[in-house]
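Could you build the full structure based on these sequences and the hints that come with them?
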Amino acid sequence: MTREAVESIEDAVKSIIIAELRVEPSQLGPTTHLMKDLGADSLDALNIALRLEERFRIKIPDEAIPRFLTVGDIVNGVGEHLAAQ
Amino acid sequence: MKRIAVTGIGLIAPTGVGRERVWEALAEGRSGISRIEDFDTSNLKTNIAGVCREFRGEEFFDEREMSRLDRVSQMAIAATEMATREAGLTNGQLDSYDAGVYLGTGFGGQGSIEEFCGAFFSNGKGRRSAIAIPKSMYNASSSNIAIRFKTRGPNITVTTACSSGANAIGQAFHLIRYGHADRMIAGGADAPITPVVMDAWKEMRVLSTKNDPPERACKPFSANRDGFVLAEGAGIVVLEDLEKAVERGAHIYAEVIGYGSTADASHITFPDPDGEAHAMTRALKDAGVRPEEIDYINAHGTATKLNDASETEAIKRVFGSRSYEIPINSIKSMLGHSMGAAGAIEFISTVLAIEHQLVPPTINYEESDPQCDLDYVTEGAREFGSSRPLRTAISNSFGFGGNNAVLVVRAYVK
Chain A
0 MTREAVESIE DAVKSIIIAE LRVEPSQLGP TTHLMKDLGA DSLDALNIAL RLEERFRIKI
60 PDEAIPRFLT VGDIVNGVGE HLAAQ
Chain B
0 MKRIAVTGIG LIAPTGVGRE RVWEALAEGR SGISRIEDFD TSNLKTNIAG VCREFRGEEF
60 FDEREMSRLD RVSQMAIAAT EMATREAGLT NGQLDSYDAG VYLGTGFGGQ GSIEEFCGAF
120 FSNGKGRRSA IAIPKSMYNA SSSNIAIRFK TRGPNITVTT ACSSGANAIG QAFHLIRYGH
180 ADRMIAGGAD APITPVVMDA WKEMRVLSTK NDPPERACKP FSANRDGFVL AEGAGIVVLE
240 DLEKAVERGA HIYAEVIGYG STADASHITF PDPDGEAHAM TRALKDAGVR PEEIDYINAH
300 GTATKLNDAS ETEAIKRVFG SRSYEIPINS IKSMLGHSMG AAGAIEFIST VLAIEHQLVP
360 PTINYEESDP QCDLDYVTEG AREFGSSRPL RTAISNSFGF GGNNAVLVVR AYVK
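Same order as they appear, the protein sequences are chains A and B. Per numbering that gives the first Met the number 0, the first sequence starts with residue 0, numbered consecutively. Per numbering that gives the first Met the number 0, the second sequence starts with residue 0, numbered consecutively.
Think of the hints as simulated: they come from the structure by calculation, not from any bench. Beta carbons: idealized from backbone N, C-alpha and C, even for Gly. Be aware that a few hints might be false.
[Said to hold, decoys possible] Calculated Cβ distances over 12 Å to all of chain B for the following chain A residues:
#: 1; residue: 3
#: 2; residue: 46
#: 3; residue: 69
[Unchecked claim] One side of the interface only, derived from the structure: several residues of chain B facing chain A at Cβ under 10 Å:
#: 4; residue: 61
#: 5; residue: 62
#: 6; residue: 63
#: 7; residue: 66
#: 8; residue: 127
#: 9; residue: 128
#: 10; residue: 247
#: 11; residue: 248
#: 12; residue: 251
#: 13; residue: 308
[To be verified] Label-pair ranges, simulated between beta-carbon atoms:
#: 14; chain 1: B; residue 1: 268; chain 2: A; residue 2: 26; range: 41 to 47 Å
#: 15; chain 1: A; residue 1: 28; chain 2: B; residue 2: 242; range: 55 to 61 Å
#: 16; chain 1: B; residue 1: 388; chain 2: A; residue 2: 34; range: 55 to 61 Å
#: 17; chain 1: A; residue 1: 26; chain 2: B; residue 2: 204; range: 51 to 57 Å
#: 18; chain 1: A; residue 1: 26; chain 2: B; residue 2: 38; range: 47 to 53 Å
#: 19; chain 1: B; residue 1: 370; chain 2: A; residue 2: 45; range: 53 to 59 Å
This is the structure:
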C-alpha cells in the first residue's frame, strides 16, 4: 500500500477514535493504547469496530477486535482487511 | 418495629432542578408546563408537556458519560447526587451491601430505544451502537446509580406505570423495615416526551388539548378538565433506618410509616374506586393509623375525567363524611404527569408539605363538578400550624393496569 493510502487510513482511524472516546488529537500516537492510555473499555472497542466497518466497508470478525489495542494496531488491521478484500 | 426516615431529597421537575427551587414553585402555585420545542408536533393535537428545561446533563456528567446514559438515567443519577449530598452520605457510607437502590420508571430509556430502532429500521443509516442495550434497558438507571454511588445491596427497578415511583419507595421502605438494608436510594424517573410516545398517547385521546396557554391546560377535579399533560422528571429520596440516621445527626425530613399496594383487577385503563380505596386502607393499616388521623391527601389527580371522579369516590369510601374536611391537592396541575417519576415527586411534595406546614394548591380549577365535590385547595396554597398542624398525610398513585400504591408520611418528632 502507498504511504498516502496508509496516511489516509490513519487520519480516518484517528478521527473515529477521537469521536468515540472524546479525546484530543494530541493524545493519539501510533503506540497509544486504547485501554491503558485512553481509558476505553470493551464496549468502546466494539463501537470503534462498528464505525470502522461503516467507514471502510469491511467486516471485522469478533476475534480481531481484542487485537485492536493501540492506534497503530488498528491502522495496520484496517490496512490488512482492505488488502484482503 | 423499625422506623424509617427520609434524610435526603433530590428533585428534577419542569419548574426547576433541586428541592428548594421546585418547592418554591409549588408553594407559589406556579406551573412548569410549556410548548414542546424539541421535535415537530404539527401532527399532534397536544403540543405541550412538562419539559425539564433547566436540567442540563453537562452539569453532572462529562461527554463520555453522557453518551452512555439515556436522559432518564441522567436525571435519575443527578437527582441521586443531590439527595445523597443533602443526606451527608458522600464519604463512602453508601459503599455497602446494606445500601441499595429501588427505582421506578414507566418508559425507561425510551429516547434511546427510539434512536436505536430508527437506526435499525432505516437499514443502519443511523448510528449502530454497541451500547444500545446497556443504555436503553429498563434497569440502566438503577444500575448506573449503584456503579456511581457504590451501593451493593438490593438493586431493583419496578415498573407499574403511573405508580412506579410510589411502589419503588414503598418497597424500599419495607426492605429497610424488614432488615434487608439500612439505607435505600428510592424514587422514580421518566423521560417520556418523545415523538413516538406523544403520538401513542394521542391515539388514546387522554391528553389535554387545551394548548393555549400551556400553564392552564391541566385542570384536576374541574368539570371542564380534559386530560393529563405528559411530563418528565426525577424524584429521589434517601430512606434510612431512623435510629442510624439520628445516631449520625442526619436531618430528618419526615418518617415513612405505611405503604399499601393493590391491583384493581378490573380494566387495563379504566380505574376502579374499589382497588384504589383498598390501597389507601391497606396503607393506613400498614402504618397503624386510623383514617381520622389523616390531615392531608396528595392525590393522583391526573385531570382525566375518569381518574378524578374515581379517586374522589375512593377517598369517600375510606374516609366517609370526614372526606369533606381533608385538604386534597393535585400537584400534577402544575408539574404535569411524569409517569414513573410522579409517585416519587408527589411523595416528596407530601414530605415537604409536612416540613413547611403548607399544602400547595390545585391550580386551574374553574368549574365545579358534582362528582368531585371535596376540598381540593383551589384558592391558593394553604398554611397550617400550631392550631391545626399537618402531622400525617397520604400520597396516592393509581397507574394504568389498575396498579395502586399509597404511602403514609408522618412528621418526625424526636
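Should the hint that residue 127 of chain B touches chain A count as held when the rule is a Cβ pair under 10 Å?
5 Å, holds
Residue 69 of chain A remote from chain B - nearest C-beta pair above 12 Å:
20 Å, holds
At a threshold of 10 Å, is the proposed contact between residue 247 of chain B and chain A supported by beta-carbon distances?
35 Å, violated
If I claimed the Cβ atoms of residue 388 of chain B and residue 34 of chain A lie 55 to 61 Å apart, would that claim hold in this structure?
59 Å, holds
Any CB of chain A closer than 10 Å to the CB of residue 63 of chain B?
With a closest approach of 5 Å, the residue 63 of chain B hint holds.
Per-residue hint verdict: residue 62 of chain B, partner chain A, C-beta under 10 Å:
5 Å, holds
53 to 59 Å was suggested as the range; check whether the CB atoms of residue 370 of chain B and residue 45 of chain A agree with it.
56 Å, holds
Was residue 3 of chain A rightly flagged as not at the interface, with every chain B Cβ beyond 12 Å?
29 Å, holds
Using the beta carbons of residue 268 of chain B and residue 26 of chain A, state whether their distance is inside 41 to 47 Å or not.
54 Å, violated
Holds or violated: the 55 to 61 Å window for the beta-carbon distance between residue 28 of chain A and residue 242 of chain B?
57 Å, holds
For the hint on residue 61 of chain B, does the least C-beta distance to chain A fall short of 10 Å?
8 Å, holds
Just double-check residue 46 of chain A for me: nearest Cβ-Cβ distance to chain B has to come out over 12 Å.
5 Å, violated
Hint compliance for this structure: hints 2, 10, 11, 12, 13, 14 and 18 are not met, and every other hint is.
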